[in-house]
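Chemist: As you go down the protein sequences, you meet chains X and Z in turn.
For the first sequence, counting from 1, position 260 maps to 260 in my numbering; every step adds exactly one.
For the second sequence, counting from 1, position 230 maps to 230 in my numbering; every step adds exactly one.
Do not take every clue at face value.
[Unchecked claim] Calculated pairs, DSBU-like style, for lysine-lysine (alpha carbon to alpha carbon, straight line, at most 30 Å):
#1 Z:K24 / X:K151
#2 Z:K24 / Z:K95
#3 Z:K26 / X:K151
#4 X:K229 / X:K352
Since the hints were derived computationally from the structure, they do not count as laboratory data.
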Amino acid sequence: MSTAGRRQEAAIEVRDVSKRFRIYREKPTSLKQRLLSRRTRADDFWALRDVSFDVPTGGSLALIGHNGSGKTTMLKVIAGILRPTTGTVRQWGRLAALLELGAGFHPELTGRENVYLNASFLGLSRHETDRVYEDIVAFAELDEFMDTAVKFYSSGMLVRLGFAVAVHVDPEVLLIDEVLAVGDEAFQARCIDRVRWFQQQGRTIVLVTHALDTVRQLCDQAVMLDHGKVQAIGRPDDVVREMRMTILKHDLDYVHEEGSKEIEIAAAALLDGADALDGPVRPGGEVTIQVDLHANEAVDDPVVSFALHDGTNRFVYRGDTSAAGQELGHMAGSTKRRVRFRLGPVPFVQGKYWVTLGVHSRDHAHTYHVQDQRYAFEVQEVGDARGQVFLPVAVEVHDL
Amino acid sequence: MVGRVRELWEFREILWNLVRKELKVKYTASVLGAVWSLLNPVVFLAVFWFVSEVLLDGIPNYPVYLLSGLLAWNLLSVSLSSGAQSVIANANLVKKVYFPREILPLATVGVSLVDFVLQSAVLLVFLVVSGYGFTLAALWLYPIAFIALLTFTTAVTFLVSALNVRYRDVQHLLGLGLLVWFWLTPIVYQGFLVQDRLADVSLGPISAWQAYLLNPATTIVIGFQRALYDDVNGDILPAFTMGELAGMLGVVIVASSLLLYLTWRLYFSMSGDFAEEL
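Kindly produce the complete structure, drawing on both the sequences and the hints.
Modeler: This is the structure in structure tokens:
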């Protein structure tokens, strides 16, 4: 294993990279403030901690994680925009970082001048820009406006021009931030087409994104960051799964509850049959909501209910024990009871569904305990199920 | 350091583009464009010709005397005041694109340099057309003074642009400082007078005149004046032989190069935090 051999293998080599930010509670930007406040107001914040990974030449790596996990910081460190506090980044081949469309665009300059300016920031020489200039103009569909100052452009025209330049940059290593994932669907489709084209050309790509499905479609490697540390690294499917599970776990920390607690929800779980639910549910599959009640005082005839909300917080369904004809009757103090709602077949195609649980009196006059959207399950499409709801379909074919 | 220079050379296209951009932005949407830059010294020449010939009878050929020093001063002061803003004004680029950060202050020096060249051309045309002419014997000081000016300007511009990112006081301090500095430099008044009055005033180990000469801008400005202005009676410019002046400019060049080395290093080490501090 010679160094020269490794050079050809890796396009980017990230070794033990840490990045510390100083967080000033009130950012002192003047000398007086600095002198008076000394260092007491600055906190250290480690945006990256001992991050190591390689991107082989021609590989496509996705950086995923929550907001504030350090993805974009990592991308900026690779690009050289930020210098790591410790550790090293080595990188071979010409690099272009697409962190923003139209970096350096100046409103007073014409479209043509801005193309040249922007292209030079993305590493294109004047000569190289000359060669692709016509293509850029054609791609942006702004032929008549190239000699107009861009301050007269609509925002849509600006985005098109910035994008046209970005896709005509032809680097060996391309860094793409999720800001490119703005725009309408047609725009995103063009973006993804272009990334595919780069891959076919054997270019190395590092992508920061929230779109986990894009990761699975496009990349051959993924790194999940969490609070600046590498949480998972490997095949996109595995890392994306890890990410989804973390999101679910993470969300459990969100607790919103209320009630007088004569009866409380001592425990609750989502089950797959008799086992704890582990991973996504298929459309048409089953989910069981199990609620363990504990009565602190004697209560007559409580009702247990559940509600489902989808990922956009749209109310989807509500059910309870009384509607199903079940009665819990009298619960004496310090007694326990278990309720199970078996849902199925699940009529959803995909998405995340939040479960709200409640215990209340039959007439809703007393709310004993409500846990608002504390639990969630995810439905993930398989095969060719498409659309808003899952509809079991039987197909018959007859000769006539 | 060699590595920095090589890196800068690789990215030179961005430097040219930024200079070009600044110039275009400065003059687009104005009908006369770069003529404005030329108009400035033309109006100066006209006004001061009027003032000195018609109203006052002080320094002979005052417009030539004034402009030969003032153009050099303008290069320094404009570079510094726009250089201090250079990183902040391009915050968007610094946060989103990689390029050697040195390019930003260098571009502002480049822009002032273009103005300097245009305005000097006006002055030279005036020298020829007005029949004032050149003293060829002294003209060789011009390139030496120019090198001193450029080295010193670049060095101090690096310093203020790096410091201003962290301490925004610098831009305010600079405005005040440049005003004081301007009047401490013999641009509008005669250097000879200062020499005459301060040479015998003692400030501990050195005379007040020697202290006055510690200002590098003074040496540079006197160099330009000596190169272009003919001090017929020997009572306008300080009494230095051309050899002495060349030696003083040499000292300024060496000291400025050293300063440039230090401020460049400071700038580079601070530039690692620019993207965060903005």
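Chemist: Holds or violated: are the alpha carbons of K24 of chain Z and K95 of chain Z at most 30 Å from each other?
Modeler: 23 Å, holds
Chemist: What's the verdict on K26 of chain Z and K151 of chain X, does the C-alpha distance respect the 30 Å limit or exceed it?
Modeler: The hint holds at about 15 Å.
Chemist: Below or equal to 30 Å on CA atoms is what counts here, so check K24 of chain Z against K151 of chain X.
Modeler: 14 Å, holds
Chemist: Is K229 of chain X close enough to K352 of chain X, meaning Cα to Cα at most 30 Å?
Modeler: Status holds; Cα separation ~26 Å.
When held up to the earlier numbered hints, the structure conflicts with none and fits them all.
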